[in-house]
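Residue numbers (this note's numbering), protein chains in the order written: chain F, 1 to 413; chain U, 1 to 413.
Hint data in this document are derived by calculation from the structure and do not stem from the laboratory.
Everything numeric in this text was worked out from a predicted model, so none of it was measured.
The reader is advised that the hints may include incorrect statements.
Copies of one chain are not kept apart here, so a pair can be met inside one copy or by any two copies together.
Derived lysine to any residue pairs resembling SDA-like cross-links, with alpha carbons at most 25 Å apart [stated by the list, open to error]:
1. 73 - 83
2. 164 - 316
3. 108 - 7
4. 385 - 349
5. 146 - 15
6. 320 - 7
7. 69 - 84
8. 62 - 15
9. 30 - 40
10. 108 - 342
11. 276 - 24
12. 248 - 412
13. 73 - 127
14. 354 - 412
15. 385 - 26
16. 108 - 341
17. 9 - 61
18. 146 - 398
19. 213 - 195
20. 203 - 189
Listed here are the chains, written in short residue letters.
Protein chains: 2
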Amino acid sequence: MSFIKIPVKGMNDFLPQEMRLREFVINKIKETYQSFGFNIIETPCLEHIENLCSKQGGENEKLIFKVLKRGEKLSIDHIDNENDLVDMGLRYDLTVPLSRYYANNMAKLPSPFKALQIGNVWRAERPQKGRFRQFVQCDIDILGEKSNLAEIELMQATTTLLTKIGFDGFKIRINDRRILKAMVEYAKLPLEDSDKIFIILDKMDKIGKEGVKSELLNNGYDKTAVDRYMNLFDDAPFANSTNAYFEKVAVKLENQEVLDNLDQIIDNVTKLSCGKFTICFDPTLVRGMSYYTGPIFEIGMDGFNGSVAGGGRYDNMVEKYANINVPACGFSIGFERIISILLEKDHHLLDHEKKRVAMVIDKNTPSSDLAKILDEANKMREDGKIVLVVYKSKNFKFQKERLLEDGFSDIIF
Amino acid sequence: MSFIKIPVKGMNDFLPQEMRLREFVINKIKETYQSFGFNIIETPCLEHIENLCSKQGGENEKLIFKVLKRGEKLSIDHIDNENDLVDMGLRYDLTVPLSRYYANNMAKLPSPFKALQIGNVWRAERPQKGRFRQFVQCDIDILGEKSNLAEIELMQATTTLLTKIGFDGFKIRINDRRILKAMVEYAKLPLEDSDKIFIILDKMDKIGKEGVKSELLNNGYDKTAVDRYMNLFDDAPFANSTNAYFEKVAVKLENQEVLDNLDQIIDNVTKLSCGKFTICFDPTLVRGMSYYTGPIFEIGMDGFNGSVAGGGRYDNMVEKYANINVPACGFSIGFERIISILLEKDHHLLDHEKKRVAMVIDKNTPSSDLAKILDEANKMREDGKIVLVVYKSKNFKFQKERLLEDGFSDIIF
Numbered sequence: 001m002s003f004i005k006i007p008v009k010g011m012n013d014f015l016p017q018e019m020r021l022r023e024f025v026i027n028k029i030k031e032t033y034q035s036f037g038f039n040i041i042e043t044p045c046l047e048h049i050e051n052l053c054s055k056q057g058g059e060n061e062k063l064i065f066k067v068l069k070r071g072e073k074l075s076i077d078h079i080d081n082e083n084d085l086v087d088m089g090l091r092y093d094l095t096v097p098l099s100r101y102y103a104n105n106m107a108k109l110p111s112p113f114k115a116l117q118i119g120n121v122w123r124a125e126r127p128q129k130g131r132f133r134q135f136v137q138c139d140i141d142i143l144g145e146k147s148n149l150a151e152i153e154l155m156q157a158t159t160t161l162l163t164k165i166g167f168d169g170f171k172i173r174i175n176d177r178r179i180l181k182a183m184v185e186y187a188k189l190p191l192e193d194s195d196k197i198f199i200i201l202d203k204m205d206k207i208g209k210e211g212v213k214s215e216l217l218n219n220g221y222d223k224t225a226v227d228r229y230m231n232l233f234d235d236a237p238f239a240n241s242t243n244a245y246f247e248k249v250a251v252k253l254e255n256q257e258v259l260d261n262l263d264q265i266i267d268n269v270t271k272l273s274c275g276k277f278t279i280c281f282d283p284t285l286v287r288g289m290s291y292y293t294g295p296i297f298e299i300g301m302d303g304f305n306g307s308v309a310g311g312g313r314y315d316n317m318v319e320k321y322a323n324i325n326v327p328a329c330g331f332s333i334g335f336e337r338i339i340s341i342l343l344e345k346d347h348h349l350l351d352h353e354k355k356r357v358a359m360v361i362d363k364n365t366p367s368s369d370l371a372k373i374l375d376e377a378n379k380m381r382e383d384g385k386i387v388l389v390v391y392k393s394k395n396f397k398f399q400k401e402r403l404l405e406d407g408f409s410d411i412i413f
Numbered sequence: 001m002s003f004i005k006i007p008v009k010g011m012n013d014f015l016p017q018e019m020r021l022r023e024f025v026i027n028k029i030k031e032t033y034q035s036f037g038f039n040i041i042e043t044p045c046l047e048h049i050e051n052l053c054s055k056q057g058g059e060n061e062k063l064i065f066k067v068l069k070r071g072e073k074l075s076i077d078h079i080d081n082e083n084d085l086v087d088m089g090l091r092y093d094l095t096v097p098l099s100r101y102y103a104n105n106m107a108k109l110p111s112p113f114k115a116l117q118i119g120n121v122w123r124a125e126r127p128q129k130g131r132f133r134q135f136v137q138c139d140i141d142i143l144g145e146k147s148n149l150a151e152i153e154l155m156q157a158t159t160t161l162l163t164k165i166g167f168d169g170f171k172i173r174i175n176d177r178r179i180l181k182a183m184v185e186y187a188k189l190p191l192e193d194s195d196k197i198f199i200i201l202d203k204m205d206k207i208g209k210e211g212v213k214s215e216l217l218n219n220g221y222d223k224t225a226v227d228r229y230m231n232l233f234d235d236a237p238f239a240n241s242t243n244a245y246f247e248k249v250a251v252k253l254e255n256q257e258v259l260d261n262l263d264q265i266i267d268n269v270t271k272l273s274c275g276k277f278t279i280c281f282d283p284t285l286v287r288g289m290s291y292y293t294g295p296i297f298e299i300g301m302d303g304f305n306g307s308v309a310g311g312g313r314y315d316n317m318v319e320k321y322a323n324i325n326v327p328a329c330g331f332s333i334g335f336e337r338i339i340s341i342l343l344e345k346d347h348h349l350l351d352h353e354k355k356r357v358a359m360v361i362d363k364n365t366p367s368s369d370l371a372k373i374l375d376e377a378n379k380m381r382e383d384g385k386i387v388l389v390v391y392k393s394k395n396f397k398f399q400k401e402r403l404l405e406d407g408f409s410d411i412i413f
């Protein structure tokens, strides 16, 4: 029989040491968001294939692990295409399940509903460094709150969390989908091409202003319009006021209440920051998912590429399941990104774990003495210690080294 | 487009209230076993189909959710049978992944290795009350410890846990696979039929001694042998000493060291129980899985059918992956069973959660005041409270009722 020792391609066995860090971070996430009144929820890892392939998930829909039908429902004699073979798939994100969950359970949930979901998702991507086919996502969402209290609380909670796990000096960038569109409209670029233009704009940090400009021109857009558009992007891209930014680039957009809304968020979050992090308007921030309808935001860290968290408002998503309009705003924490940064960083998070004691007992201890020793160990556990009881091995020097390595700094006999 | 609101068949959306209980129990499990030096580990939910279909899993292998091959590997033109279509499956238990994990990572793990795994498993069973197609298993295993310190510590830790979640008066029953076989041999029933005979014996608590006897006779076994076998089962089936039990039924089995081993376990666990629970030898205890090689045990609760935890020694399992013999002993906690008992019981576990405060603010609060209010809320959170900030709704009476229902006993303005 052929047993295979390694995990399936692109997925991980987590060793105890890394698990301790993952557990530490997950506990901090739960503790922090629960203290803000978020409810931990759980949905099945499997979803109806119809929900997963509903065009909400963009490119991710190509990466679904699909589950074979079972029993009588599976007929391998008449197969036209692979969709005849499957009825479910492993979820590729937590947003589809959340929308379905809310629609299904709305009547039993508080309003507004603050949800925290931490769970595995699966994507059949080509495995590469730091990218896995099973990974943990961590989503925090507020459903039913149309005011910017949702955005502000999401940022307050998330920055509180990041501080608790030892991060500082991070930077929140914020924009609004409606501002992005207003800028396209103002420049007289074709509004129906917005998503295409945003994809080019999104490359600003990689290819620079000149790069974006020439890519737009290469796509055949009118030079005057492109110039008008590029003039909207100041050379110092970050501003601590949206209104001030557009005054500076000397443009009056039509969406005054959208600008004011962003500035209210920036003001409140700045006040809450106590100087520990910054928040600023960034007109080049796009974020990929097309379902966003309002403010969008991302948190980055100096010295580490990419974002550690990102999110935005998506007021029309839940309606597709629930048939009523439910305002919604969410933040997704890059859990695996945070873990990989912590593994790189010289963090001391686990130093504050419980004291670890190893009780080494003689191989020849008579069975009648065991209970007394084990009872003593339990008393130390009640005092908040981690106590390991092990028989002394022949090679004690090696055993001792190994125990120290595993954090058992206190070895008693 | 057809969105489906309900979860896939036989799987659950967990509401916040039930999640709080599930989280509470999971935290107690982690806290307790970690204090005994168990390491939390995690394996992928997907496993190689070869490992899942290796005949270790018995009936469960018929219930696997199989995952369709992807890309070029999937050819739907030449299908002989469904195995051509799949390369992975969702795990149906945590024992197969643990054995693979240990074989794969042995060199990096402490010895003995104490592992705690909590994770979802999937079985395509016909859905029925209390039985789900995705459910949480919780396995605790000690690999590399051949002495009964493993069994005793597993029982000490598990009874400590059950006490912490408010259970008492529970009963551990213990037997040994080798005693079960010795009894078949002693009775001169065919030893090669052991597994078949054990399945009949396992029905003792349902069909009684007479029922077992007539079923054995109906299966064509020799009457003298069946009588000899039935004489081994005392009418008062539970004994607090294995040796005493066999003296009472006046039988001398050949496996003296096996009997002594069980009695050492019983003695030590009795001493550790402080009268809060009992442990006894039960010659009718079988446990389903054929991979057990030594002591087997189960914990039951008065007033609730079935067991809340069960396990045993399986010394040959890991060898199939690792090519070296590794003694192993494990306990599986019936997590979903425990949750359903707690949901039935009038438990007060969540009473000790953090204090929940709702801060109700006026709809017309100017944005410039928000930060001050939110900062105040965060100060209360630092004091260990859960603080929810909500706008006062038009129907405050309803809002208040709902807040109280969700445990926000303290409502401030």
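Status of the hints after comparison with the structure:
In this assembly of identical chains, the alpha carbons of residue 73 and residue 83 lie at most 25 Å apart whether taken from the same copy (12 Å) or from different copies (16 Å). In this homomeric assembly, residue 164 and residue 316 never come within 25 Å of each other (Cα to Cα): the closest approach is 33 Å inside a single copy and 45 Å across copies. For a Cα distance limit of 25 Å, the shortest separation of residue 108 from residue 7 across copies, 16 Å, qualifies, whereas the shortest one inside one copy, 40 Å, does not. In this assembly of identical chains, the alpha carbons of residue 385 and residue 349 lie at most 25 Å apart whether taken from the same copy (17 Å) or from different copies (23 Å).
Proximity of residue 146 and residue 15 under a CA criterion of 25 Å is satisfied inter-copy only: 23 Å between copies versus 43 Å inside one chain copy. In the homo-oligomer, the alpha carbons of residue 320 and residue 7 lie at most 25 Å apart only across protomers (16 Å), although the nearest pairing inside one protomer, at 37 Å, exceeds that limit. Both within a single protomer and between protomers do residue 69 and residue 84 lie at most 25 Å apart by alpha-carbon distance, with minima of 9 Å and 14 Å respectively. In this assembly of identical chains, the alpha carbons of residue 62 and residue 15 never lie at most 25 Å apart, being 31 Å within a copy and 31 Å across copies at closest.
Taking the shortest alpha-carbon separations for residue 30 and residue 40, both the intra-copy value of 8 Å and the inter-copy value of 18 Å come in at or below 25 Å. For a Cα distance limit of 25 Å, the shortest separation of residue 108 from residue 342 across copies, 21 Å, qualifies, whereas the shortest one inside one copy, 38 Å, does not. Taking the shortest alpha-carbon separations for residue 276 and residue 24, only the intra-copy value of 22 Å comes in at or below 25 Å, while the best inter-copy value is 33 Å. In this homomeric assembly, residue 248 and residue 412 never come within 25 Å of each other (Cα to Cα): the closest approach is 69 Å inside a single copy and 43 Å across copies.
Within a single copy, residue 73 and residue 127 get their C-alpha atoms only as close as 33 Å, which misses the 25 Å cut-off; across copies the closest is 16 Å, which meets it. Taking CA atoms no more than 25 Å apart as the test, residue 354 paired with residue 412 passes inside one copy only; the shortest distance there is 17 Å, against 36 Å between copies. Within a single copy, residue 385 and residue 26 get their C-alpha atoms as close as 21 Å, and across copies as close as 19 Å, so both meet the 25 Å cut-off. With identical chains, the CA atoms of residue 108 and residue 341 are at most 25 Å apart between copies only, with a shortest distance of 23 Å across copies and 39 Å within one.
Proximity of residue 9 and residue 61 under a CA criterion of 25 Å is satisfied in both settings, with 19 Å inside one chain copy and 22 Å between copies. In the homo-oligomer, the alpha carbons of residue 146 and residue 398 lie at most 25 Å apart only across protomers (20 Å), although the nearest pairing inside one protomer, at 61 Å, exceeds that limit. For the identical chains of this complex, residue 213 and residue 195 are intra-copy neighbours only, at 16 Å inside a copy versus 76 Å across copies, given an alpha-carbon limit of 25 Å. With identical chains, the CA atoms of residue 203 and residue 189 are at most 25 Å apart within one copy only, with a shortest distance of 18 Å there and 77 Å across copies.
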